[in-house]
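Participant: Listed here are the chains, written in short residue letters.
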Amino acid sequence: MNQDRRTFLGQTGKLLILSASAALAWEHVLAGTPENAPNYNFKDHWWGMAIDIEKCIGCGTCVRACKTENDVLLEDGNFRTWVERYVVDPADLDHPRVESPSGGYAGFHEREVKDTNLKMFFVPKLCNHCDHSPCVQVCPVGATFESPDGVVLVDKTYCLGCRYCVQACPYGCRFIDRRTETVDKCSLCYHRITKGLTTACCETCPTGARALADLKDPRDPIHAFLRDHKVQVLKPQMATGSKMYYNGLDGSVR
Amino acid sequence: MNGVEGFIYPNEIELQWSVLIVLYPFITGLVAGAFILASLERVFNVEAVKPTYRLALLTALAFLLVAPLPLQIHLGHPERSLEMYLTPHTTSAMAMFGFVYLWYLMVVLVLEIWLDYRREIVLKWRASQGWLRTVYGAMALWSDNISDSALKLDDRIGKTLTVIGIPSAFLLHGYVGFIFGSIKANPWWSTPLMPIVFLFSAITSGVACILLLYFVTCWYRKVTVDMRCVDTVSKYLFYAFVVDFTLEMVDLIQRIYVSDESFRALDFMVHTKLFTSQIVVQILVGTVLPIAMLGVTQLVRMKEAARRAIYVMAGTLTLIGIFAMRWNVVIGGQLFSKSFLGYTSYKMEFATREGLLPSILLMILPFGILWVLIRLLPPWGHDEQPNVKRA
Amino acid sequence: MEPRPSDYRHLVRMAGLFVVGITVFLLLRSFFVPKNFGLLGHYNPGALQQNMDHPLKFAGQAVCVACHSEQADVRAKGRHARVACESCHGALASHAQGDNPSTVKPQKPDPRTTCIICHTASISKPKAFPQVDPAEHAPEGPCTACHVQPHSPKIV
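Protein chains in written order, with numbering that gives the first Met the number 0: chain C, 0 to 253; chain D, 0 to 390; chain L, 0 to 155.
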């Protein structure tokens, strides 16, 4: 290399490094001091839910409560939570007949069922608030994330509406809210649980089939639930780290 | 419920990604394929394809400029799309792709075209008047050094760029494949073969596109077609297509053999909802037929006119087939429920934001841009053999 | 022929363009990235507050019981002990919060349709759950005709 070229490269390099550092420093200056910590301490909580299939009666109260609490546009086909009914022939577990009329919003009509050998039950579903969430993994900008207390949330001021997360969720719990043109989903009633309340669906479930669980609270019934029941998560083969623990989940459930 | 059969999760009724998202891999595929054809000449010294070299670069640029548009139109908040560059999530293939795209556009394509054309740009700058003079001046960065030593330097750098550009082109479209292939929730997409299948179908479509454009531009300019060139391009098209088809068949055979939980639902979907677009359009008309036609030209001696006709037909069918492949991947992947118990339907509208009309316009736009680029930077006449004008 | 320094001029200018571009990008970044982005993870920590700031529609039964302790005691003795107030009475945060609860008068749940939602017999429901066919089990009239006290519905 001749002298001129070397000098030129050196000067360009220095200029580049200086401008980059200046910009970064300015960013920190603008960022200011960290936010004041809210009263609620994230580190004390790790949220999940205990769902008992054996108790669910398919009344749909949870779906209606969620709609009320979170202003969900069910009529747009948006469901933060829904209930499915399974009708399973024990001789043919691979082909359950499943339905979810309006997500179970108005409960389920009685069906004429002649074969009393069939197995039937209801499965409430919602966002699984996965610990290794595939939806968080694919979000290109960081608009969906897992909070420090284990709730997967959406930043509606930041979401682009690219729908990659909707594709990545194995459970079908995400949708686009046309009012904000961003993604939306069950937030585990974050605005309630951070105030010491329970979620709208768990509050109104008349049989206690759904119960909010704080895995970091030693007094929470979830520990006995997990110990005393055969529990499962949905689609365990996906290894999503789901925190919705189901008791009585049949093998035919999709 | 209209269009729904069996059971689907309640949020799955409406498809998330429309025909605009089908366009995107198709367009980036053309870019990658066109560039790889161009690199055949530059790096591997395949002299025969030289007449298509500059045309391929300009085509790649025209299509790459249009590539982000279908995505922007599809977004709920296009005004926030800069966020992908400001706070890219490094675990997201989509975010990292933004940088691959930018790298490819700015460092590979624009630089290479600039270095290759610099001499003509400066000459035109000197020869033009008015606003065109300003345009060419800006393109030359107001440096009019076209001495031999400067041009030699350009050539050296250009060659380096092409060498870097080949893996970059592979990365460009392989990444798009990875965007789909990495979604474990969707068994139609989730396969490690996806990036490679996308890459080879990209090469196939890009080569076919340049082949057709070469024929069209020769016809328009009333210039004879360089048979050695089109014979060679078609040969590479044939090889690329055979590899692509083999890979897709490997994927298919593996699925049928392994027959996992999703297989029955997907198999049913292919035989019903995707029958026309996949079996008929993609496989038979869009792959088997053009491969057979090109194979015949490789095995049997044919007159020039016959070969030209076959190349044009095969090239057209190839583009249709590769477009159908993108359609079947994107739309097909959303037609079945993740419960594997049901299906929904895709209702493509016409004159809406994500309808057929914007898609058609977006496919025409790159040709418009290409026309402007060809006017500004003609890809012929530089150091080509003078073509014999048709009588 | 070895390239002279002047042969690099156009390359230097192109490199300069790139430097300008990168600098602009970095400046944009500092303006547009939300405050403290990345502090807790790859997201804007302000989004946590955003998610906490939604209005409540359901008050939660603890609040109801605080004033309506009588009804709560009756309920505690019966089969509806675990049924939350708002399961039947609907979302009542507007009644419970605010200075004067009597400005929002909750509607009394319909004494038939409310009960039917849960207690309609269905082959799909768990067998142990109390359920009746509304067409046969007292087809006319309110359930409270016999199950006088809905908070503790046992017929005494």
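Watch out, some of these pointers could steer you wrong.
What the hints assert, rightly or not - DEER-style ranges, computed between Cβ atoms:
1. C:K113 to D:V249: 43 to 49 Å
2. C:T156 to L:Q106: 47 to 53 Å
3. L:P138 to C:K113: 50 to 56 Å
4. L:A61 to D:E260: 43 to 49 Å
Unchecked claim - Where chain C lies over chain D, by a calculated footprint (3+ residues, C-beta under 8 Å):
5. 27-40
6. 90-98
7. 182-190
8. 333-344
Stated by the list, open to error - No more than 20 Å apart at the CA atoms, straight line, and that leaves these computed lysine to any residue pairs for SDA-like:
9. L:K153 to L:I122
10. D:K151 to D:S189
11. C:K54 to C:L117
12. C:K234 to C:I52
13. C:K155 to D:L85
14. C:K118 to L:D52
15. C:K155 to L:G37
16. C:K155 to D:Q15
17. D:K272 to D:L283
18. D:K272 to D:M362
19. C:K118 to C:M237
20. C:K155 to L:V32
21. C:K155 to L:K153
22. C:K118 to L:A127
23. D:K183 to C:V252
24. D:K221 to D:I373
25. C:K155 to D:P87
If you are wondering where the hints come from, they were derived from the structure by calculation, not from laboratory data. All values reported here derive from a predicted model rather than from experimental measurement. The beta-carbon is built from N, C-alpha and C at its ideal position, and this holds for glycine as well.
Participant: Against this structure, judge whether each hint is valid.
Facilitator: Going through the hints against the structure:
no.: 1; hint: C:K113 to D:V249: 43 to 49 Å; in the structure: 47 Å, holds
no.: 2; hint: C:T156 to L:Q106: 47 to 53 Å; in the structure: 36 Å, violated
no.: 3; hint: L:P138 to C:K113: 50 to 56 Å; in the structure: 24 Å, violated
no.: 4; hint: L:A61 to D:E260: 43 to 49 Å; in the structure: 44 Å, holds
no.: 5; hint: 27-40; in the structure: violated (count 0)
no.: 6; hint: 90-98; in the structure: holds (count 6)
no.: 7; hint: 182-190; in the structure: holds (count 4)
no.: 8; hint: 333-344; in the structure: holds (count 6)
no.: 9; hint: L:K153 to L:I122; in the structure: 23 Å, violated
no.: 10; hint: D:K151 to D:S189; in the structure: 47 Å, violated
no.: 11; hint: C:K54 to C:L117; in the structure: 18 Å, holds
no.: 12; hint: C:K234 to C:I52; in the structure: 16 Å, holds
no.: 13; hint: C:K155 to D:L85; in the structure: 17 Å, holds
no.: 14; hint: C:K118 to L:D52; in the structure: 43 Å, violated
no.: 15; hint: C:K155 to L:G37; in the structure: 17 Å, holds
no.: 16; hint: C:K155 to D:Q15; in the structure: 18 Å, holds
no.: 17; hint: D:K272 to D:L283; in the structure: 17 Å, holds
no.: 18; hint: D:K272 to D:M362; in the structure: 25 Å, violated
no.: 19; hint: C:K118 to C:M237; in the structure: 26 Å, violated
no.: 20; hint: C:K155 to L:V32; in the structure: 15 Å, holds
no.: 21; hint: C:K155 to L:K153; in the structure: 48 Å, violated
no.: 22; hint: C:K118 to L:A127; in the structure: 15 Å, holds
no.: 23; hint: D:K183 to C:V252; in the structure: 19 Å, holds
no.: 24; hint: D:K221 to D:I373; in the structure: 16 Å, holds
no.: 25; hint: C:K155 to D:P87; in the structure: 17 Å, holds
Violated hints for the displayed structure, listed by number in ascending order: 2, 3, 5, 9, 10, 14, 18, 19 and 21.
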